[in-house]
Amino acid sequence: MAAPNQVKRSVSLYSLQEEYYYGRLDLEGCLRAVASTGATGVEVLAEAMFPDFPGPSPAFEAQWFGWLAKYGLTPTCYDAFLESKLYRNRVLTLREQVAMTERDIRLAARFGFKTLRTLCSTPLEVIEGSLACAEKEGITICLEVHAPFALDSEWSDLYLEMIRKTGTKHFGFMPDFGMFYRNMPPIARAQALRKGAHPDLLRRVDEAFAERVEKGFVHIRYSLDLAAANSAYRRENGMFDLKEKLVPLGANDADLGYLFMSYNFTWNDPSVVTRNIAHIHHTHAKFHEVDEQYVDATTPLPQVLAAYVAGSYDGYISSEYEGNSSLNDALPVDSVEQVRRQQEAMRRILEA
Amino acid sequence: MAAPNQVKRSVSLYSLQEEYYYGRLDLEGCLRAVASTGATGVEVLAEAMFPDFPGPSPAFEAQWFGWLAKYGLTPTCYDAFLESKLYRNRVLTLREQVAMTERDIRLAARFGFKTLRTLCSTPLEVIEGSLACAEKEGITICLEVHAPFALDSEWSDLYLEMIRKTGTKHFGFMPDFGMFYRNMPPIARAQALRKGAHPDLLRRVDEAFAERVEKGFVHIRYSLDLAAANSAYRRENGMFDLKEKLVPLGANDADLGYLFMSYNFTWNDPSVVTRNIAHIHHTHAKFHEVDEQYVDATTPLPQVLAAYVAGSYDGYISSEYEGNSSLNDALPVDSVEQVRRQQEAMRRILEA
Amino acid sequence: MFQQVFDPDGFSLVERDGKPAGFQFGMKLQYYRGAPLSIILDLEVWLDGVKMPREALRAVNRGDVFTLVEMETAVDNRWEFGRWGTVQVLSGAAPAPGPHRLGCTQTIRPSYMPWPIVVHAETDFTLPG
Amino acid sequence: MFQQVFDPDGFSLVERDGKPAGFQFGMKLQYYRGAPLSIILDLEVWLDGVKMPREALRAVNRGDVFTLVEMETAVDNRWEFGRWGTVQVLSGAAPAPGPHRLGCTQTIRPSYMPWPIVVHAETDFTLPG
Ligand SMILES: [Mn+2]
Ligand SMILES: [Mn+2]
Chain S
1 MAAPNQVKRS
11 VSLYSLQEEY
21 YYGRLDLEGC
31 LRAVASTGAT
41 GVEVLAEAMF
51 PDFPGPSPAF
61 EAQWFGWLAK
71 YGLTPTCYDA
81 FLESKLYRNR
91 VLTLREQVAM
101 TERDIRLAAR
111 FGFKTLRTLC
121 STPLEVIEGS
131 LACAEKEGIT
141 ICLEVHAPFA
151 LDSEWSDLYL
161 EMIRKTGTKH
171 FGFMPDFGMF
181 YRNMPPIARA
191 QALRKGAHPD
201 LLRRVDEAFA
211 ERVEKGFVHI
221 RYSLDLAAAN
231 SAYRRENGMF
241 DLKEKLVPLG
251 ANDADLGYLF
261 MSYNFTWNDP
271 SVVTRNIAHI
281 HHTHAKFHEV
291 DEQYVDATTP
301 LPQVLAAYVA
311 GSYDGYISSE
321 YEGNSSLNDA
331 LPVDSVEQVR
341 RQQEAMRRIL
351 EA
Chain C
1001 MAAPNQVKRS
1011 VSLYSLQEEY
1021 YYGRLDLEGC
1031 LRAVASTGAT
1041 GVEVLAEAMF
1051 PDFPGPSPAF
1061 EAQWFGWLAK
1071 YGLTPTCYDA
1081 FLESKLYRNR
1091 VLTLREQVAM
1101 TERDIRLAAR
1111 FGFKTLRTLC
1121 STPLEVIEGS
1131 LACAEKEGIT
1141 ICLEVHAPFA
1151 LDSEWSDLYL
1161 EMIRKTGTKH
1171 FGFMPDFGMF
1181 YRNMPPIARA
1191 QALRKGAHPD
1201 LLRRVDEAFA
1211 ERVEKGFVHI
1221 RYSLDLAAAN
1231 SAYRRENGMF
1241 DLKEKLVPLG
1251 ANDADLGYLF
1261 MSYNFTWNDP
1271 SVVTRNIAHI
1281 HHTHAKFHEV
1291 DEQYVDATTP
1301 LPQVLAAYVA
1311 GSYDGYISSE
1321 YEGNSSLNDA
1331 LPVDSVEQVR
1341 RQQEAMRRIL
1351 EA
Chain X
2001 MFQQVFDPDG
2011 FSLVERDGKP
2021 AGFQFGMKLQ
2031 YYRGAPLSII
2041 LDLEVWLDGV
2051 KMPREALRAV
2061 NRGDVFTLVE
2071 METAVDNRWE
2081 FGRWGTVQVL
2091 SGAAPAPGPH
2101 RLGCTQTIRP
2111 SYMPWPIVVH
2121 AETDFTLPG
Chain V
3001 MFQQVFDPDG
3011 FSLVERDGKP
3021 AGFQFGMKLQ
3031 YYRGAPLSII
3041 LDLEVWLDGV
3051 KMPREALRAV
3061 NRGDVFTLVE
3071 METAVDNRWE
3081 FGRWGTVQVL
3091 SGAAPAPGPH
3101 RLGCTQTIRP
3111 SYMPWPIVVH
3121 AETDFTLPG
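In the order they appear, the protein sequences are chains S, C, X and V. Taking the working numbering, the leading residue of the first sequence gets 1, the next gets one more, and so forth. Taking the working numbering, the leading residue of the second sequence gets 1001, the next gets one more, and so forth. Taking the working numbering, the leading residue of the third sequence gets 2001, the next gets one more, and so forth. Taking the working numbering, the leading residue of the fourth sequence gets 3001, the next gets one more, and so forth.
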């Protein structure tokens, strides 16, 4: 990388879910593992790993800061989930959703975080209603730009407009590298084959993906009806048309699962990061596999990181390993080694 | 009263509900009114009068302590309600009920209270599960002995047994003077007549009450099914038998309402207080009317207070005016004047 | 029961997208400590003696709007003691201008009470022409 | 989906008042952040190919026991990620000693997902004689 840069590296504990699930790593073990990968920051899903969420004890709080000191880690991002469908008979009201977000903002601040990830499904009004609390607590709310959502889209413009309108300094974006998948992860294709998919049909799915990469994706739009918005996105990008072609060719569940999964990732020119850098405060380096030569066959890390450096980004890029689910039906998972490889890959690029 | 004593006087803001309902008194006005009656303590229903319950703001907290200083009042008892039937489809679990009680204990401590009133419907296990929190917060949980519940009963013995078993110093009783009603309140009888009751039928109800006072009441028993326990209590004390006699005599809704109400009050020999004084930490001086000569025609205040003095009680006795509901269908209510009279009546007895 | 149940200034028409949708009124809860909406088992409304359909009712409190079914889980929204809440009747049509008779029954279930509180109140009101 | 869904040591008979009432098994939720029970829309259990009645099921978590209907409002009880929860099947009778086949479908609705997560898992287990 040409110039020295201020990009910092973190790991989301989402990455270690396989080891946590089986009890091979507890929370302290996860922190130790993160430190071992070379990252200096840690991102958490408090709902997954903080005991007694949403009311962790003062004793746990003390332990948490003790562990951070012990392993030399800085808390980066607190991943919030807005459980707006907590009840069957209704969606939480705006006031309830704001209260839940404020609860998470206060928890994030209490545990030393500076940013809070909010999901791409978060209504504009909920974010706007939570800004005062975020400002008071010194937290920046970051809207995750998770594929198929995109920057420089009608959807992201609505949030930019809210930033302009309120003048807030406590809200911005955090890209997820699922928007920088140039092709399907090879381990996902291998898993589909294990499950009985047809190589020629997978090739059709891959070709369609390549075509979308070439021609550009139709972006998903803002809607409080996620299922409708997502279905429209899939339709407009040809998924249902392709499905209709594959079914007569004998597509089975494995083929169709691969087809469906291929619409969970998108490709955007990484320059979109540079253009929006003033509003980017955190990042998820989502990935499926980094090989022994420190290459990610899906996401062109050098090109993507160059876009951050070009924008003089000084926030964290946080590993988000998701490959476990493409392996754990049949193969061993080593999340720590995968994260170590991605961290090393990023270090080499950033320190070159 | 023969000897000097340490009995202190308080007012429950329950007493001022009529004025609060109409906005004639706000919370500060209620505190000013309490101070004007001669009481030094104040008891609250935070659910009724604390803004944004159960999450009152720090700004309100500061205001609260400012008002206490301004009006020279000491917080005495925090009246908790255990909303265990918050949902239609189930009763809250033990864990949820304990969490709710702990929430109230922490609120009580935060606002300067020393005792917390828990209702006679509170399951034993919920109290036991909340004792550690009460101890930590310096709060004594007081089970309200509200008619038809009684001290020296099978019901109260269960709680005494829990005290013995746990050795707790943070739980006890608080009698409500509804257990010292020697007869029905005259204003209740007058209201029944306004509503069309028959004087001769009301007399039958009064006679039956007198008979229960004479012979003694069958006590209500411990049960998590309140409706069943209360129905059994009414049956065993003759209510349904009496109803069957009154209906053929032409009893109307007003007559039957008076009959039903007459089972909300009981008479116990006040010596029950003296015998249990070691476990009594607060008291509700429930009343319907004190006249201009400072006499309560229903509860023999001199006799009841003597029982407290005989036990060297040094807690608070807190006015709980309930007469408004026997007047407000047709007549003006002056809760502050009623409370002032009861406080003056008690002062005269205690300082005599 | 307190004498004044309805807000004398709270009667008005409700429109949706510029079209008549119903009417609303202000009311105080008849229970001395307020209540989370979820323990209000039922609200029943009569206009000029005609019972309004349950599905047409909305409880509006602290800026939130609930159907009676949604209200069943509204555990964090308190109808505070002594405060006006609003009941909307979205019957799809505006009542005619002029005098009307309103009845409303509140059914509240405080957890500690053996039986629910059922309070019925009525009032006359006039809608502007 | 993780490979190990069921607790190999979690299968046992359930008695009520000394009489056979059913059986229970331990299970982990197939969702990476745990869940308040209220967002678990459904649990379905098959024993030896026979679907157990929904009313017979109980979710036992953190010391609390819920029917599936009660679970709809269990918003404060989290089935934590990676922790065994217990499912009871109170069918009123004990399955016979010996080998059995168990199937269980979890339907979870995280609020941000366009569609619920539906995961089916099966296992063989043996009840002591
Ligand atoms: Mn992500
Ligand atoms: Mn009382």
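Hints in this document: simulated from the structure, not taken from any laboratory. Fair warning: there could be bad hints in the mix.
[To be verified] In silico contact screen, one side only, chain X against chain C (beta carbon under 10 Å); selected entries: (1) Y2032; (2) I2039; (3) P2053; (4) G2103; (5) S2111.
C-beta atoms are modelled at their ideal positions from N, C-alpha and C, and glycine is treated no differently.
Results of checking the hints against the structure:
1. For the restraint placing Y2032(X) at the interface with chain C, the shortest Cβ-Cβ distance is roughly 5 Å, inside the 10 Å limit, so the hint holds.
2. This hint holds: I2039(X) has a C-beta 7 Å from the nearest C-beta of chain C, less than the 10 Å allowed.
3. A distance limit of 10 Å between C-beta atoms decides the matter here; for P2053(X) the minimum to chain C is near 20 Å, and the interface restraint is violated.
4. Given the 10 Å rule on beta carbons, the hint for G2103(X) is violated: about 17 Å separates it from the nearest Cβ of chain C.
5. Evaluation of the S2111(X) hint against chain C yields a held restraint, the C-beta minimum of about 4 Å falling below 10 Å.
When the structure is compared with the earlier hints, violations turn up for hints 3, 4 and for no others.
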